[in-house]
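Q: So the sequence lines, in the order shown, correspond to chains D and G.
Once you know that position 87 of the first sequence is 87 in the numbering used here, the rest is easy, because the numbers rise by one and skip nothing.
Once you know that position 20 of the second sequence is 20 in the numbering used here, the rest is easy, because the numbers rise by one and skip nothing.
Among the hints, a few may not be true.
Residues from chain D that face chain G, not an exhaustive set, calculated with beta carbons under 10 Å [what the hints assert, rightly or not]:
#1 L36
#2 D39
#3 I124
#4 H138
#5 S139
#6 G140
#7 A141
#8 L144
#9 M161
#10 H162
#11 H195
#12 L224
#13 I234
What follows is a set of in silico ranges between Cβ atoms, one per label pair, in the way DEER data are often shown [what the hints assert, rightly or not]:
#14 D/D150 x G/E143: 51 to 61 Å
#15 G/D160 x D/R33: 34 to 44 Å
#16 D/R43 x G/N194: 30 to 40 Å
#17 D/S240 x G/Q303: 18 to 28 Å
#18 G/T447 x D/D150: 49 to 59 Å
#19 D/D246 x G/D160: 36 to 46 Å
#20 G/N194 x D/G184: 38 to 48 Å
#21 G/R249 x D/Q263: 39 to 49 Å
#22 D/T245 x G/S362: 35 to 45 Å
#23 G/E145 x D/G270: 37 to 47 Å
#24 G/Q303 x D/I279: 35 to 45 Å
No lab work stands behind these hints, which were simulated from the structure alone.
Since the structure is predicted, the reported quantities are computational estimates derived from the model, not experimental observations.
All C-beta atoms, glycine included, are put in the ideal place defined by N, C-alpha and C.
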Amino acid sequence: MTLPNAIENQIGNGIENAGAQADLEITAVPERRHVLDLDDFSRPEINALLDSAKGMAEVLGRDIKKVPALRGRVIVTLFYEASTRTRISFEEAGKVLSADVINMSTSGSSVEKGESLLNTALTIQAMSVDAIVIRHPHSGAPYLLARHLDRVGIINAGDGMHAHPTQALLDLFTVREKLGALEGLKIVIVGDVLHSRVARSDIWGFAKMGAQVVLCGPNTLLPLDLLGGDGGQIPTELASVKMDTDLDRAIQDADVVMALRLQSERQHSGFLPSVREYIRRWQVTEARLTRAKPGVLVMHPGPMNEGIEISSSIAHGGSSVIEEQVTSGVAVRMALLYQIANQGR
Amino acid sequence: MGSGPLLIKGARIIDASSGMDQVGHILVVDGKIAAVGQVSQDQVPDGCQTIDAAGLVACPGFIDLHCHLREPGFEFKETIASGTRAAAKGGFTSICAMPNTEPPIDNAAVVDFLRFRSQAEASVKVFPIACVSKGRLGRELSEMEELASAGAVAFSDDGDPVYDATLMRLALAYSLDLGLPIIDHCQDLSLSGNGVMAEGAVASRLGLDGIPAAAEESMIARDIALAQLTGGRLHLAHISTAGSIHLLRQAKDRGLRVTAEVCPHHLTITDQWVLGGVGKDAGAAGPFSYDTSTKVYPPLRTQRDVDALVQALAEGVIDCIATDHAPHDATSKQCTYEEAAFGISVLETALGSTMQMVHQGSLGLADLVHSLTVGPAGVVGPAFDGLASLNTGTPADIALFDPDLEWVVDPQEFQSQGKNTPLAGVTLRGQVVATFVDGKMVYQSETSKTGAAS
Chain D
1 MTLPNAIENQ
11 IGNGIENAGA
21 QADLEITAVP
31 ERRHVLDLDD
41 FSRPEINALL
51 DSAKGMAEVL
61 GRDIKKVPAL
71 RGRVIVTLFY
81 EASTRTRISF
91 EEAGKVLSAD
101 VINMSTSGSS
111 VEKGESLLNT
121 ALTIQAMSVD
131 AIVIRHPHSG
141 APYLLARHLD
151 RVGIINAGDG
161 MHAHPTQALL
171 DLFTVREKLG
181 ALEGLKIVIV
191 GDVLHSRVAR
201 SDIWGFAKMG
211 AQVVLCGPNT
221 LLPLDLLGGD
231 GGQIPTELAS
241 VKMDTDLDRA
251 IQDADVVMAL
261 RLQSERQHSG
271 FLPSVREYIR
281 RWQVTEARLT
291 RAKPGVLVMH
301 PGPMNEGIEI
311 SSSIAHGGSS
321 VIEEQVTSGV
331 AVRMALLYQI
341 ANQGR
Chain G
1 MGSGPLLIKG
11 ARIIDASSGM
21 DQVGHILVVD
31 GKIAAVGQVS
41 QDQVPDGCQT
51 IDAAGLVACP
61 GFIDLHCHLR
71 EPGFEFKETI
81 ASGTRAAAKG
91 GFTSICAMPN
101 TEPPIDNAAV
111 VDFLRFRSQA
121 EASVKVFPIA
131 CVSKGRLGRE
141 LSEMEELASA
151 GAVAFSDDGD
161 PVYDATLMRL
171 ALAYSLDLGL
181 PIIDHCQDLS
191 LSGNGVMAEG
201 AVASRLGLDG
211 IPAAAEESMI
221 ARDIALAQLT
231 GGRLHLAHIS
241 TAGSIHLLRQ
251 AKDRGLRVTA
261 EVCPHHLTIT
271 DQWVLGGVGK
281 DAGAAGPFSY
291 DTSTKVYPPL
301 RTQRDVDALV
311 QALAEGVIDC
321 IATDHAPHDA
331 TSKQCTYEEA
341 AFGISVLETA
351 LGSTMQMVHQ
361 GSLGLADLVH
371 SLTVGPAGVV
381 GPAFDGLASL
391 NTGTPADIAL
401 FDPDLEWVVD
411 PQEFQSQGKN
421 TPLAGVTLRG
431 QVVATFVDGK
441 MVYQSETSKT
451 GAAS
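Construct all of the structure, not just a fragment, from the sequences and the given hints.
A: Shown next as structure tokens:
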């Protein structure tokens, strides 16, 4: 197939320019082998990553979204759980950077024949892959791979109830783009924090950037032990995190309100008396939002249960940055892939 | 088991059954203790093998009330042969095998099988524990009298609790005239749920389902009430929380026939080991987090619990140390934390890790020996008469150990098939040098082979 000269030139220029630009933006990011959670990121490293993501966002805004930064690199997405946005977002991020992205889903693979996670990952490593993006229902699954694989960078795309660091980074990116700085902001995360890997990583991310995090929800769905419990060492970075069961009080003067997905099985397993009572006490509504700061941002990691944890009018209203979160996700994942899949070059 | 006469010279002899703690000699003739302390030259037979034990501790061989030999049914995890070799290396001369095998030890034929296999292959003495309930299903009592006659020394559905309170009541009542204890695996399953480690800050941080201390304590409270109701003999397996000690102390104060054991790992390491990097930078989770070899039931708990357990052991509130040796094949542990099997391979590290309490000054050496010999023997009773003693005429079951020798734990050197220990790479201080069963040397350390024995 031959392309008209004009278009070919355009692609060529795009590649050259973007390549140069991308390199310029990214050299400042400290070296890192895996992205497992945000607890081992420093504030300068997060800032450097967000800066690099900004450069990536610029690429995404171009007419032709393609740069050669990861040409010749192979990335496998290994998803043991359903996903729409995270998976497509990683795939797009890899492809825009010219990596070859192979999506492996567990159905139709040897996983169905009972192959263990570790053996599956070792098999993928043996195919000269540069990075594995893994989502798994068990907390710590990416750590298992990081311990046993020696030639592949691991990116955690969500493990059990533990962590979802790329989501947290895109949340940080979105807020920084909208409000300028993260330090001193009041971030209210409301809902099923206990079972939320997004919240756990967001807590680390926002706290490390100097924001004030308030977790809000029923006592049965708050990670009360995270900040207490006897004998546990509370990391100093989390010392400022607070918990409150009263959303009307928690939302006071908030800069950001993030609603979390409420899974209906929480009612059946007894964490809640009813979804109805949850809505009454913890739904993010217009009335409640008036207590927040003017210009408050409303966020949600998705997928949403509109009318349960968040009212429809808020989800699609002027304060909502839920779609911007999704867009940011691609840029942030480009920045991460660029770094992790480019090792040993 | 034929063995020639043996003289152990110049050891620090600690015999908690007689209160002996002195430097002296032990003479063994015909598999029995012939003399202890002072041994005159004319007592020593011609051709007597002599071991120079200066600087070493000699004591009755250790007794373990709680280990999993996995045979029959799970020979890919451990066998009677490998498990008892591990026991010998750990200084244990008598061990009790838990009945959660396949088939379970719930009838006399399986007890006979175990005895037969032990006679053929075991390095140390093996005592079967039989199931409380048929098939370990928690519905009907096993044929306890027949099991006792066949050689069972206690009853337990270990691995699972006796969940039905009435069945537990009946077990405590029915076993009364047999004189054998019911060993209680204390776990309220509805509270432990899907938990995989201790509930608390570390579990929350790692996003792992927690097991609250109340899952153990509520079951202990229930069963202490049932012991009071029936007058039965209740032995609490592997207690792990400060609250459990509170309940145990109360029960003993009230004169109930309740005893308890504690495991080496619950006395020495905490849930911080699941986060990993203990002794390094504990600030961040890393590839060393979620080490599945730390997954055990009851779970590793907090330093507060560890301190309370050590104190209770030193005060004699806890009767003994038991290993809960739970060997696993590599596959059962090379997976995510949720998927991994519960259990630690303990026999070969038990002395080294519990000696840590002695070196730190929180437990006397004689008290440690007591908790590994007289303590467990007393829980079971007559079956262990003479096994926790160095008195003249008792079987020459002897552990000889160097209390100060430092060594690095390498699971690949384990005799046990189970390499699953969180202590891999950890330096322990205190190592078994030799173990004797009925006067026969069943283990000798590599380092001592070149030196001490002559």
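Q: All hints, please: hold or fail.
A: Checked hints:
Here the hint on D/L36 is kept, as its CB sits about 7 Å from the closest CB of chain G, short of 10 Å. Hint status for D/D39 relative to chain G: holds, with the closest Cβ pair at about 5 Å, below 10 Å. With 10 Å as the threshold, the beta carbon of D/I124 stays out of range of chain G, its nearest partner Cβ sitting at about 16 Å, so the hint is violated. Evaluation of the D/H138 hint against chain G yields a held restraint, the C-beta minimum of about 4 Å falling below 10 Å.
Proximity of D/S139 to chain G holds as hinted, the smallest CB-CB distance being about 4 Å (cut-off 10 Å). The closest approach between the C-beta of D/G140 and any C-beta of chain G is roughly 3 Å, which is under the 10 Å cut-off, so the hint is satisfied. The criterion of a C-beta within 10 Å of any C-beta in chain G is met by D/A141, whose closest approach is roughly 5 Å, and the hint holds. Proximity of D/L144 to chain G holds as hinted, the smallest CB-CB distance being about 6 Å (cut-off 10 Å).
The beta carbon of D/M161 comes within 4 Å of a beta carbon in chain G, closer than 10 Å, and the hint placing it at the interface holds. With a cut of 10 Å, the hint placing D/H162 at the interface with chain G holds, because the nearest CB-to-CB distance is about 3 Å. The restraint placing D/H195 at the interface with chain G holds, with a minimum CB-CB distance near 9 Å, inside the 10 Å limit. Taking 10 Å as the C-beta contact cut-off toward chain G, the hint placing D/L224 at the interface holds, the least distance being around 8 Å.
The interface hint given for D/I234 holds, since its Cβ lies 6 Å from the closest Cβ of chain G, which is under the 10 Å cut-off. About 55 Å separates the C-beta atoms of D/D150 and G/E143, a value consistent with the hinted range of 51 to 61 Å. One distance hint, 34 to 44 Å for the beta-carbon pair G/D160 and D/R33, holds here, with the actual separation near 42 Å. Judged by the Cβ atoms, the range 30 to 40 Å given for D/R43 and G/N194 holds: they are separated by roughly 35 Å.
About 25 Å separates the C-beta atoms of D/S240 and G/Q303, a value consistent with the hinted range of 18 to 28 Å. The given range of 49 to 59 Å is broken by G/T447 and D/D150, whose C-beta atoms sit roughly 34 Å from each other. Between D/D246 and G/D160 the C-beta distance comes to about 42 Å, which sits within the given range of 36 to 46 Å. About 39 Å separates the C-beta atoms of G/N194 and D/G184, a value consistent with the hinted range of 38 to 48 Å.
For the hinted restraint 39 to 49 Å between G/R249 and D/Q263, the CB-CB distance of approximately 43 Å keeps it satisfied. About 41 Å separates the C-beta atoms of D/T245 and G/S362, a value consistent with the hinted range of 35 to 45 Å. Checked against the given bound of 37 to 47 Å, the beta carbons of G/E145 and D/G270, roughly 43 Å apart, stay inside it. With their beta carbons about 42 Å apart, G/Q303 and D/I279 fall inside the hinted range of 35 to 45 Å.
Figure legend: structure checked against the earlier numbered hints; hints not met, in rising order: 3, 18.
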